[in-house]
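Asker: From first to last, the protein sequence lines stand for chains F and S.
For the first sequence, the UniProt record's numbering assigns the number 1 to the initial residue and increments by one for each residue that follows.
For the second sequence, the UniProt record's numbering assigns the number 1 to the initial residue and increments by one for each residue that follows.
By construction, these hints were calculated from the structure, which means they are not laboratory data.
Where hints are given, some of them may not hold.
[As the list claims (entries may be wrong)] With beta-carbon atoms standing in for the labels, derived distance ranges:
{"#": "1", "chain 1": "S", "residue 1": "Thr91", "chain 2": "F", "residue 2": "Val193", "range": "41 to 47 Å"}
{"#": "2", "chain 1": "S", "residue 1": "Thr6", "chain 2": "F", "residue 2": "Tyr45", "range": "40 to 46 Å"}
{"#": "3", "chain 1": "S", "residue 1": "Ser12", "chain 2": "F", "residue 2": "Leu58", "range": "30 to 36 Å"}
{"#": "4", "chain 1": "S", "residue 1": "Thr9", "chain 2": "F", "residue 2": "Leu124", "range": "28 to 34 Å"}
{"#": "5", "chain 1": "S", "residue 1": "Ala211", "chain 2": "F", "residue 2": "Leu74", "range": "22 to 28 Å"}
{"#": "6", "chain 1": "F", "residue 1": "Leu74", "chain 2": "S", "residue 2": "Thr139", "range": "32 to 38 Å"}
{"#": "7", "chain 1": "S", "residue 1": "Val217", "chain 2": "F", "residue 2": "Ala7", "range": "41 to 47 Å"}
[Stated by the list, open to error] Listed next, the stretches of chain S that the computed footprint assigns to chain F, with coverage defined by at least 3 CB atoms under 8 Å from CB atoms of chain F:
{"#": "8", "stretch": "18 to 30"}
{"#": "9", "stretch": "180 to 188"}
{"#": "10", "stretch": "201 to 213"}
For every residue, glycine included, the Cβ atom is placed at its ideal position computed from N, Cα and C.
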Amino acid sequence: MRWDWLARNAPQIWDYLLQHAWLAASATLLGLVIALPLGALASRYSWTYPPLTTLAGLLYTIPSLALFVVLPGLLGTRILDPINVVIALTIYTVALMVRVVADALASVPELVRQSALAMGYRPLRSLITVQLPLAVPVIGAGLRVAAVSNVSLVSVAALLGVPQLGSLFTQGLQLDFATPIVAGIVLSLALAVVFDAIILLAIRIGTPWARAVRS
Amino acid sequence: MGGALTWLTTGSNWSGSGGVWARLLEHLRYTGIAMAIALVIALPLGALIGHTGKGVAAVSGVANAFRALPTLGVLIVLTLWAFDNLKGSLTFLAPSIAVLVVLAIPPMLSNTYAGIAAVDPAARDAAKGMGMTGGKVLTAVEIPVALPLILSGIRSAYLQVVATATIAAVIGLGGLGRFVLDGQKQQDYAEMVAGAILVALVAIIGDRIIALIGRLVVSPGISGRRVREKAATLETVPPT
């Protein structure tokens with residue numbers, strides 16, 4: 001490791017880190033927001049479950065570099081636009097989370113749903129205020145997987161020249177110099193750990209009853 | 001997009017040492033070698049862990065950590081190391097194959113042990129009660145029952161490997177990734193998209209073939225259970 005190189009390039013590396021975090025986080029959040037209604041649909045109307053999950057599985061078979069390259073042509077964006085990366089990763093997140101949300105909602109006991117209905121809750125209100133909170137642990141577990149894999153996928157976009165931590169990898173290759181690459185790997189792993197911790201914290205805050213039972 | 005179609009339907013792009021056929025064969029060769037090595041390592045190890053129940057915590061921890069590892073960075077670091085320590089064609093090939101193997105092992109390994117560990121204990125006890133030895137229980141009961149999950153692990157591994165073999169073109173390897181990266185260097189967007197479409201096709205077709213093999217080799221008494229699909233959900237990660 002050449003620490004002096006890191007020190008000299010600290011502002012640039014910091015920029016890459018922020019950009020990386022921003023790309024991965026926005027795709028994860030956007031994917032969750034889109035997957036929630038789709039997953040609720042798949043659990044409410046069982047005939048929509050097979051087509052939705054099959055489509056999700058199919059989207060998963062597209063390699064990320066291929067998706068990054070093809071999207072600009074489909075969307076009319078420029079190839080260097082970070083928006084392509086966000087959209088591609090959002091697609092993967094939705095593909096993963098639709099099934100997770102559907103299965104999580106389906107795992108809420110039927111009696112709970114009926115109790116809510118009996119108390120006069122309309123189906124939509126019961127879904128949002130009763131079933132969804134109870135599904136938080138399972139949805140959260142899926143979101144952890146999505147967030148962590150998004151962090152590692154963002155770096156592939158460096159091959160197209162979208163600046164983020166992956167740019168350190170291509171720089172290191174061009175300079176035949178390991179320091180930026182090791183720094184990129186370490187920062188990317190650290191970012192994944194931070195995202196994971198944030199989601200764990202959100203699950204904890206979102207499920208106060210789980211703590212009450214434990215203590 | 002139209003440009004990519006023109007590129008793909010131009011005959012001269014398909015022939016020669018840098019043509020589609022040659023690149024496709026290279027891509028399949030890298031994928032095949034890496035998958036074969038990973039299978040030989042991951043399946044017996046996974047079966048052993050699932051059968052004995054030992055080492056599950058360690059393996060699942062390592063598998064999770066790998067999910068966060070940026071493949072591109074690892075590949076480049078290994079290549080820089082190989083530049084100084086290896087000679088000839090191995091310089092490019094060895095690090096690429098190593099990365100592909102490292103990527104393929106976790107999904108295969110974790111699905112194998114999880115599938116075997118999830119076998120109904122009653123079935124296992126019944127097999128033992130019939131006088132089967134430990135090894136016989138594993139091969140005649142546990143592996144057949146776990147086969148759907150094992151195959152889904154092989155599918156995710158394949159998708160990872162096919163996708164990452166594309167990235168390996170960065171360090172000078174052949175394969176379909178060449179079209180994407182050379183196209184980018186020459187500002188030839190049509191070539192890039194054509195390469196991307198070819199990679200996606202290879203990924204999807206291979207995935208379907210493994211699914212088809214699964215339908216043929218999984219015992220009809222076991223296939224079609226929704227349980228296994230649910231269990232497989234979290235093992236699926238988007239391909240690099």
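Asker: Take the hints in turn and mark each one as holding or not.
Answerer: Status of each hint after checking the structure:
no. : hint                             : verdict
1   : Thr91/S <-> Val193/F: 41 to 47 Å : violated (33 Å)
2   : Thr6/S <-> Tyr45/F: 40 to 46 Å   : holds (43 Å)
3   : Ser12/S <-> Leu58/F: 30 to 36 Å  : holds (32 Å)
4   : Thr9/S <-> Leu124/F: 28 to 34 Å  : violated (51 Å)
5   : Ala211/S <-> Leu74/F: 22 to 28 Å : holds (26 Å)
6   : Leu74/F <-> Thr139/S: 32 to 38 Å : violated (48 Å)
7   : Val217/S <-> Ala7/F: 41 to 47 Å  : violated (57 Å)
8   : 18 to 30                         : violated (count 0)
9   : 180 to 188                       : holds (count 3)
10  : 201 to 213                       : holds (count 3)
Hint compliance for this structure: hints 1, 4, 6, 7 and 8 are not met, and every other hint is.
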